[in-house]
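2 protein chains.
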Amino acid sequence: MLHAVIMAGGSGTRFWPASRRSRPKQFLSLIDGTPLIRTTVERILALVPAERIWIVTAGHTASLARELVPEIPGRNILIEPAGRDTAACAGYAATIISLSDPDAVCLVLPADHIIPDAEALRRALGAGAEHVAEENGLLTFGIRPTRPETGYGYLKIGAAATVRHGHQIHVLDRFVEKPDTRTARRYVDSGVYLWNSGMFAWRAETLLGEIARQLPLLDRGLKAIAEAAGTHREARVLQEIYPTLPRTSVDFGIMEGAQRTWTLPVGFAWSDVGSWAALAEVLPADALGNISRGRITMLDATGNIAISGGPVIAAAGVNDLIIIATPDAVLVVPRSEHQRVKEIVTLLGDAGWEDVL
Amino acid sequence: MLHAVIMAGGSGTRFWPASRRSRPKQFLSLIDGTPLIRTTVERILALVPAERIWIVTAGHTASLARELVPEIPGRNILIEPAGRDTAACAGYAATIISLSDPDAVCLVLPADHIIPDAEALRRALGAGAEHVAEENGLLTFGIRPTRPETGYGYLKIGAAATVRHGHQIHVLDRFVEKPDTRTARRYVDSGVYLWNSGMFAWRAETLLGEIARQLPLLDRGLKAIAEAAGTHREARVLQEIYPTLPRTSVDFGIMEGAQRTWTLPVGFAWSDVGSWAALAEVLPADALGNISRGRITMLDATGNIAISGGPVIAAAGVNDLIIIATPDAVLVVPRSEHQRVKEIVTLLGDAGWEDVL
Chain A
18 MLHAVIMAGG SGTRFWPASR RSRPKQFLSL IDGTPLIRTT VERILALVPA
68 ERIWIVTAGH TASLARELVP EIPGRNILIE PAGRDTAACA GYAATIISLS
118 DPDAVCLVLP ADHIIPDAEA LRRALGAGAE HVAEENGLLT FGIRPTRPET
168 GYGYLKIGAA ATVRHGHQIH VLDRFVEKPD TRTARRYVDS GVYLWNSGMF
218 AWRAETLLGE IARQLPLLDR GLKAIAEAAG THREARVLQE IYPTLPRTSV
268 DFGIMEGAQR TWTLPVGFAW SDVGSWAALA EVLPADALGN ISRGRITMLD
318 ATGNIAISGG PVIAAAGVND LIIIATPDAV LVVPRSEHQR VKEIVTLLGD
368 AGWEDVL
Chain B
18 MLHAVIMAGG SGTRFWPASR RSRPKQFLSL IDGTPLIRTT VERILALVPA
68 ERIWIVTAGH TASLARELVP EIPGRNILIE PAGRDTAACA GYAATIISLS
118 DPDAVCLVLP ADHIIPDAEA LRRALGAGAE HVAEENGLLT FGIRPTRPET
168 GYGYLKIGAA ATVRHGHQIH VLDRFVEKPD TRTARRYVDS GVYLWNSGMF
218 AWRAETLLGE IARQLPLLDR GLKAIAEAAG THREARVLQE IYPTLPRTSV
268 DFGIMEGAQR TWTLPVGFAW SDVGSWAALA EVLPADALGN ISRGRITMLD
318 ATGNIAISGG PVIAAAGVND LIIIATPDAV LVVPRSEHQR VKEIVTLLGD
368 AGWEDVL
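These protein sequence lines are chains A and B, in that order. Counting the first sequence from 1 gives a position; this note's numbering is that position plus 17. Counting the second sequence from 1 gives a position; this note's numbering is that position plus 17.
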């Protein structure tokens with residue numbers, strides 16, 4: 018049967034001060050008042066019923082996930098005792114799902130992306146899932162690039178394989194890391210590169226087979242977790258083993274070396290909103306280029322992103338700034354330096370200001 | 018006997034969001050954790066006992082004044098039903114004080130100025146008070162300028178009159194409004210102009226005599242208030258008459274046309290801290306020119322004034338900004354545009370966001 022695995026383990030320091038350890042990005046309402054994780058679940062409910070939707074998250078955010086997505090059964094909230102990247106996360110979910118459904122087909126989806134056209138998403142996910150159910154192998158969904166973005170990884174399309182429900186599926190050639198601007202432009206112009214969306218489809222047994230073949234340490238750990246599942250040792254084994262699992266990604270740790278890989282290109286709007294600056298891709302700006310959320314007053318100010326989780330923000334005579342306010346913390350940084358938010362969070366930790374982390 | 022009148026009626030919109038209608042600038046702790054009004058009182062307690070210190074303030078801030086300066090007797094807190102500038106304020110205080118002390122000598126002092134050397138201030142105030150007690154007339158204290166400041170009014174020194182306790186007292190030539198930079202430089206170079214501090218000394222009867230001679234409408238109003246004082250009509254008469262008093266300043270409304278005026282030049286450090294930018298005159302900056310109060314983290318940021326009444330402020334890659342944060346409002350404006358804060362407050366009122374005004 019078809020299952021969906023929502024990966025909700027990210028710590029999301031790039032959205033400080035809105036995101037905190039106790040409420041990472043995927044639990045924030047950045048766009049429309051709905052937490053990203055809830056929107057992610059709502060998008061796929063017409064494709065996968067709640068009983069077969071699984072959420073993988075950290076222990077300290079599990080209760081928040083239960084609260085925000087109450088229709089997901091409690092046993093479907095899988096807790097990662099430590100973040101060990103996507104290979105471990107996807108492998109853990111496949112392991113647990115296989116115990117009750119050995120023939121499971123899994124869609125694996127990040128909890129914190131923006132995809133306005135849910136219908137188009139479901140059609141693509143359905144086609145991809147059908148493909149791996151029949152053909153086996155590991156499939157990744159790729160987004161047709163609309164600009165030479167240097168903030169995303171890319172993947173290269175290989176030979177055309179088959180068409181399902183109007184979607185041309187290709188063999189996957191390879192993944193490439195985030196490019197520089199020139200390389201990104203070349204990728205976009207070539208027409209054979211896609212943005213790496215981080216969404217996947219596979220049979221659980223296919224993924225676990227590739228893990229067994231390529232990542233023996235991960236395989237051993239997951240098998241120990243599977244053996245303990247449902248026994249009184251379950252929690253203790255998970256706590257002991259999970260933090261020791263090898264830290265690698267699905268893309269480079271499994272798919273690059275896998276025997277049979279596919280990609281399904283999609284053309285719908287998509288953003289991983291990886292930073293405050295990236296909100297400009299998904300939120301409308303006013304005539305002066307200002308993007309506002311909350312009670313914001315701007316005076317002779319242009320190109321700013323001002324977002325408040327409560328306080329009034331008043332800005333005059335400033336341009337191209339990111340201004341984020343919560344009742345207990347304020348961030349001010351130029352849009353062009355949005356990547357510094359991670360440094361700031363580190364500095365706050367050094368200062369011992371744990372209450373705002 | 019010697020009395021002191023603390024003028025604490027200002028609305029202080031230029032310190033938004035720290036200042037609010039319910040807590041104007043003079044009630045804020047901008048410098049050292051002590052509210053400005055409290056520091057103002059503490060500076061003069063060794064010269065004037067609490068029973069003869071009077072505070073004139075608005076009705077909605079009277080209880081705050083009582084709370085912050087509890088040593089002042091409750092009957093010495095005079096309420097202005099409306100702000101009518103300094104001539105009405107000083108006249109009202111002289112009227113009430115005269116009722117119990119017809120020979121009163123009054124020092125009149127703004128509640129919200131910074132004067133670090135309290136001992137030097139008291140010596141100058143004592144000399145000025147002694148002078149008007151013996152010579153009558155209206156005396157204003159002038160600050161020897163240390164830079165061609167365009168944000169202050171100036172006054173011109175006239176002929177030398179007498180020396181008291183080491184202070185040379187002059188006849189006052191005239192007041193001049195805030196100059197442009199060139200004129201200000203000329204004033205400073207001339208050596209005969211002083212900053213207009215807004216601090217005065219006079220016998221109550223001298224001031225009331227000048228009001229009777231020059232401002233008949235103010236005189237009539239104050240006499241009606243005096244007649245009602247101590248009767249059951251007191252509050253009602255004050256409420257009815259005070260808002261109709263002519264709106265003019267002591268400087269231009271009374272002293273410019275008065276028969277006998279003096280000035281006593283002083284050399285101590287002084288600031289009226291009229292804006293967030295002016296805090297740079299009285300607060301120390303770090304090696305990168307940043308001035309911080311509260312929990313502030315700066316990264317590659319220079320020349321900023323960051324002040325928090327609670328929230329952590331984190332700023333990276335920004336220069337010469339004023340960043341002020343409270344739990345319910347945040348201000349971001351370049352230092353060079355500090356005067357826009359008043360416009361912002363107007364905009365917030367237009368938006369109907371009364372809760373942060």
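Hints are computed from structural coordinates only; laboratory data are not their basis. Quantities reported herein were computed from a predicted structural model and do not represent experimental measurements. Glycine included, C-beta positions come from ideal geometry on N, C-alpha and C. Please note: incorrect hints may appear among the correct ones.
[Unchecked claim] Every beta carbon over 10 Å from chain A, so not counted as near; a handful from chain B, in silico:
(1) S28
(2) W33
(3) I96
(4) V180
(5) G183
(6) L234
(7) T248
(8) T265
(9) A295
(10) L296
(11) R310
(12) R312
(13) R357
[Stated by the list, open to error] Going by beta-carbon spacing under 8 Å, a handful of chain A positions derived as facing chain B:
(14) V180
(15) L296
(16) V299
(17) L300
(18) A331
(19) A333
(20) G334
(21) V335
(22) P344
(23) A346
(24) L348
(25) I361
(26) L365
(27) W370
(28) E371
Hints, one by one, checked against the model:
1. S28: 17 Å, holds
2. W33: 8 Å, violated
3. I96: 30 Å, holds
4. V180: 49 Å, holds
5. G183: 47 Å, holds
6. L234: Nearest chain A Cβ is 38 Å from L234/B, so the label holds.
7. T248: 45 Å, holds
8. T265: 31 Å, holds
9. A295: Holds: least Cβ distance 17 Å, greater than 10 Å.
10. L296: The assertion about L296/B holds, with a minimum of 18 Å to chain A.
11. R310: Given that every Cβ of chain A is farther than 10 Å from that of R310/B, nearest at about 14 Å, it holds.
12. R312: 6 Å, violated
13. R357: Non-interface label fails for R357/B: nearest chain A Cβ at 4 Å, not farther than 10 Å.
14. V180: 49 Å, violated
15. L296: 18 Å, violated
16. V299: Check failed: Cβ of V299/A comes no nearer than 23 Å to chain B, outside 8 Å.
17. L300: This hint is violated: L300/A lies away from chain B, its Cβ roughly 19 Å from the closest one there, beyond 8 Å.
18. A331: Check passed: Cβ of A331/A comes within 5 Å of chain B, closer than 8 Å.
19. A333: 4 Å, holds
20. G334: At about 4 Å, which falls below the 8 Å cut-off, the nearest Cβ of chain B leaves the hint on G334/A intact, so it holds.
21. V335: Holds: closest Cβ of chain B sits about 6 Å from V335/A, inside 8 Å.
22. P344: The hint holds - P344/A has a Cβ within 8 Å of chain B, the shortest such distance being about 5 Å.
23. A346: 4 Å, holds
24. L348: Holds, about 5 Å.
25. I361: Because about 5 Å separates I361/A from the closest Cβ in chain B, which is inside the 8 Å limit, the hint holds.
26. L365: Constraint on L365/A satisfied, holds at 6 Å.
27. W370: 6 Å, holds
28. E371: 11 Å, violated
Against the hints set out earlier in the document, violations occur for numbers 2, 12, 13, 14, 15, 16, 17, 28.
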